[in-house]
Each structure stands twice: as C-alpha cells, then as structure tokens.
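Chains as they are written, first to last, in my numbering: chain A, 124 to 374; chain B, 2 to 223.
Hints in this document: simulated from the structure, not taken from any laboratory.
Note that the structure is a prediction, hence the values are computed from the model and not measured.
Beta carbons: idealized from backbone N, C-alpha and C, even for Gly.
Check each hint, because a few of them may be wrong.
Stated by the list, open to error - Below, a list of computed lysine-lysine pairs in the DSS-like style, where the Cα atoms sit at most 30 Å apart: (1) Lys106/B <-> Lys302/A; (2) Lys36/B <-> Lys194/B; (3) Lys36/B <-> Lys357/A.
To be verified - Some chain B residues judged to face chain A by a derived CB distance under 10 Å, without partners named: (4) Thr65; (5) Lys68; (6) Leu71; (7) Ser99; (8) Glu107.
Stated by the list, open to error - Pairwise CB distance ranges (calculated): (9) His328/A <-> Pro15/B: 49 to 57 Å; (10) His161/B <-> His328/A: 51 to 59 Å; (11) Pro158/A <-> Arg212/B: 28 to 36 Å.
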Amino acid sequence: MAKPAVIVVGADKGGVGKTTVSRTLLDYFSANAVPTRAFDTESPRGTLKRFHPDVTEIVDMTATADQMKIFDTLNTVSPSVTVIDVRAGLMSPSLAALRDIGFLDAAKSGQITFAVFHILGSSIASLDEIAETANFMAGAKYFLVKNFINNTSFFEWDQATYNSYFHRIKDATELTIPKLNEMAFEQVEVASVPFLKFVANKGIHDEAANYSFVLRGYVRHWLANVWSEYDRIKLTDIVGSSKSAVRGGEK
Amino acid sequence: MPATPVYIVASPRPQVGKTLVARLLSEFLLLKNGKVTSFDINLKEPSLLDFLPDITETADISDTFGKMALMDRVILNDGMAKVIDLGFHAFDEFFTMSEEIGFLKEAARRNVVPIVLFMADIDRVSGRGHDMLLGQIPAPQLVTVDNEYVVRGELPDSMHSGRLMRIPALPTFLKTYIDRLTFSFTDYLRQEKDSSTELHQWIRRNYYHFRELELSLLLQKS
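Just need the whole structure built from these sequences, with the hints factored in.
So this is what it looks like as structure tokens:
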C-alpha cells in the first residue's frame with residue numbers, strides 16, 4: 124500500500140483562495156485516478172463540501188475527536204491522499220497541533236508524506252506568515268502558492284520586499300495559480316460543481332447541464348494551466364501514486 | 002444534419018472593406034437560404050446594422066457578458082448561417098478569446114464551420130494579423146480577401162499561400178452607388194434587367210465565389 128500523504132492547504136488570511144486551490148487539487152487527483160479524501164475545516168458550514176460532497180467531510184481541527192478522525196485513519200482507509208482545507212486563521216495553530224501529536228515527526232522520519240500549500244495574499248501580513256509557518260516545515264514539502272485568481276500582485280514591483288519574503292525559505296517551491304475570468308468563476312460557484320464537471324457540461328450527478336460554452340472554455344483553459352503547475356512539481360509522484368493514468372477532461 | 006457555417010469577416014485595419022464583404026455575404030446567404038443572422042461588432046460606429054437592419058444584431062465583445070451573448074449562439078449547430086462583421090478594434094480581443102476558449106475545437110465537435118475572411122492589406126499590422134490567424138485557423142478555413150479597391154500593390158507571399166478570393170475594384174461612381182444605405186445587391190440583380198452591366202457581373206461574380214467557398218467547405222465536412 125502506498126505511503127499515506129497529507130496535503131494541507133491553508134493561509135492565515137481569509138479570501139486568498141484556499142478552497143479554490145483545494146478544489147483544483149481534488150479535480151487533479153480525480154483526473155489522475157488517485158483516490159483522495161478531503162477534510163473541510165470551515166466548520167460547521169463547509170465550502171469545499173459543497174463542491175465535492177462525496178469525498179469531503181467537515182471537521183473542526185481544534186477538537187481532539189476530529190483530529191483523531193483525520194490522523195488515526197491515515198493508515199487504515201483506502202484513499203492514500205488526504206487533502207485538508209484549513210480555515211483562515213487556523214494555519215499556524217493547526218501546524219502546532221500537528222507537531223504536538225507527533226505528526227510532523229512522523230513526516231520527518233518518512234512514514235508519511237506531508238505537503239503544505241501555503242496560499243499567499245498580497246498584504247505584508249500574509250507574507251509575514253511565511254516566516255512563521257516555516258518553523259514547522261522540517262520534513263514537509265512546502266509550496267508557496269501565489270494565487271492570481273483575484274488579481275493580486277505580489278510586490279514584483281518592489282524587488283527588495285519580494286526577495287526578502289520569497290527567498291526566505293530555502294526549500295520552498297513557488298506555484299502560480301493564474302487568474303480565472305470572474306464571470307466563469309461565479310458561474311461555477313452558482314453551479315456548485317467541481318471544475319471538471321463544469322468543463323464537461325455536467326451537473327453534480329453527471330446529468331447534462333447547460334453552461335455557457337464561453338465560460339466552460341475559460342475554465343478549461345485555466346484548469347489546464349493550473350494542472351500544468353501541478354505537473355511541473357510532479358504532484359502525483361509526491362503523493363506516491365504509481366499510476367500514470369491518461370487523464371480525461373483536460374483537453 | 003449538415004454543417005452550419007460561421008463567417009468571420011476580419012482585419013486589424015479600418016477601411017479595408019469588411020462591411021462591404023459582410024453585406025455581400027449576408028445578402029448572398031439570405032438569397033440562398035432564405036435566412037441568415039449577421040452580427041455587427043463595431044464598437045463605436047455600427048455599420049452593417051445600418052445597411053441590413055432586419056437581419057443584423059449588434060454585439061459587443063469587450064466584456065465577458067457580451068462574449069457569452071455572441072459565442073454561445075455562434076457555437077450552435079442550428080442550420081442558420083452566420084456572418085460576423087468584426088470591427089478592427091475587436092480583432093485581437095476576438096481571436097485571443099477564441100483561442101482561449103477553444104472555439105475551433107468545439108466548433109469541429111459540433112459540426113460548426115468557422116470561416117475567416119481576412120481582408121488583406123500590405124501594411125505590417127495586416128501581415129502580423131494574418132500570421133496570427135495562420136497559427137490558429139486551419140488553412141482551408143482561412144480565406145484571404147484581396148479587395149482590389151483597397152489593396153495597392155502585391156500582397157505579401159504569406160498571404161498567397163492559402164485560399165485567396167479577389168474582389169475586383171469598381172469604378173468610383175459605382176462604389177458610391179453601392180455605398181448608399183438603401184442599396185441592396187440582391188434587389189439590384191432582380192431589378193436590373195440588363196445582366197451585362199458591370200455592377201451586375203460584379204455582384205454575380207462575388208456571389209459565385211461565395212457559393213464555391215461554401216460548397217467546398219461544407220461538402221468536405223459532411
């Protein structure tokens with residue numbers, strides 16, 4: 124059985140696109156035939172669950188019972204990949220909790236694959252988290268995700284600020300999520316379906332839908348760009364999937 | 002079901018005869034099929050709309066809403082031939098969008114045949130625009146239109162490589178005559194009994210070329 128892999132998607136700031144990134148990850152794994160489960164920490168509401176109800180469970184990361192639900196089952200359940208969408212403000216406490224239960228040590232010793240997708244907002248506060256989070260990152264694959272979905276700019280105009288943050292952590296890999304047309308994004312929100320199903324013009328239960336061809340085109344193009352970023356970092360290798368499945372729905 | 006053609010009359014330059022060709026083509030399709038839908042995408046100055054108000058709709062592709070309104074109709078295989086008079090402002094926007102949303106691939110899947118009529122000229126902007134289209138549009142679906150009234154001199158070699166359609170220059174007095182808003186090519190053919198007039202032959206010649214073009218493309222698809 125493949126080594127369990129845990130991917131934490133988080134940021135200390137709200138509205139930077141954590142759930143969007145989690146959704147693209149779930150679509151990516153589903154297209155690559157990697158069995159995946161997800162936990163949504165937007166307790167009690169759950170945004171991720173709205174889009175991927177079949178694989179998503181809502182948990183409260185601060186409650187011990189729910190921590191057990193996630194981590195004690197890592198070796199026993201069949202999906203080997205677990206994606207956790209961490210609610211705004213909970214990133215650092217969650218990582219601290221993971222350290223306390225010995226999870227980070229297990230990752231360090233190689234029993235578990237642990238990856239963190241740290242979504243960045245454009246404010247200095249958001250960039251400051253990098254340093255804070257970095258303390259927990261020994262043994263983890265650390266990805267700094269620059270999310271352009273809401274037209275953010277990342278201090279490219281000020282090279283000094285930019286360097287001081289983005290080059291602070293040695294082993295961090297930068298990922299770029301390009302911008303998606305606003306209207307297309309909203310339509311997918313309204314439809315409450317995974318991006319993949321939107322592209323394929325299907326509803327949540329695979330029934331035929333009637334989404335705009337233009338918006339589907341924008342989403343298809345955008346999703347292909349996001350996935351090419353995941354391909355670039357060899358995400359399927361990271362989570363230990365041996366399958367090189369031909370994925371559907373991309374073109 | 003037979004394929005549905007979508008004609009896109011385009012150029013990155015103003016005043017090269019786009020609206021003239023869109024008018025001719027719309028009237029030809031109306032005569033041949035009894036129906037046609039034309040779209041006028043000229044941001045500032047509606048033009049095709051002034052000539053053919055009964056069959057023309059305006060469209061604005063400067064925002065996503067406008068793009069949806071246009072493209073979600075154009076992609077339908079509904080048996081209704083369509084003509085798009087693409088203003089020069091909208092040239093880049095349209096083809097960038099069409100590339101991004103995969104218009105040609107989806108059209109091929111749905112048995113819709115986009116045909117780009119590129120109004121040629123010898124300047125650099127036209128050359129670049131044509132090169133861009135060569136990379137995006139399959140060769141049989143890209144027609145370079147040599148409007149002799151506008152093009153002075155030889156077209157660049159790259160424009161000679163694919164399909165070429167020549168529109169002979171009309172004398173100025175006839176040009177002025179057909180530029181009147183009330184002028185209709187088909188009505189002229191019907192009303193002018195003398196089929197040897199220059200204008201009569203000019204219109205018939207252009208209609209003939211459109212017929213040939215459509216036949217070759219649609220037969221190929223079906």
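Checked hints:
{"no.": "1", "hint": "Lys106/B <-> Lys302/A", "in the structure": "holds (23 Å)"}
{"no.": "2", "hint": "Lys36/B <-> Lys194/B", "in the structure": "holds (25 Å)"}
{"no.": "3", "hint": "Lys36/B <-> Lys357/A", "in the structure": "violated (53 Å)"}
{"no.": "4", "hint": "Thr65", "in the structure": "holds (4 Å)"}
{"no.": "5", "hint": "Lys68", "in the structure": "holds (5 Å)"}
{"no.": "6", "hint": "Leu71", "in the structure": "holds (8 Å)"}
{"no.": "7", "hint": "Ser99", "in the structure": "holds (9 Å)"}
{"no.": "8", "hint": "Glu107", "in the structure": "holds (6 Å)"}
{"no.": "9", "hint": "His328/A <-> Pro15/B: 49 to 57 Å", "in the structure": "holds (51 Å)"}
{"no.": "10", "hint": "His161/B <-> His328/A: 51 to 59 Å", "in the structure": "holds (54 Å)"}
{"no.": "11", "hint": "Pro158/A <-> Arg212/B: 28 to 36 Å", "in the structure": "violated (57 Å)"}
In this structure, the hints that do not hold are numbers 3, 11, in rising order.
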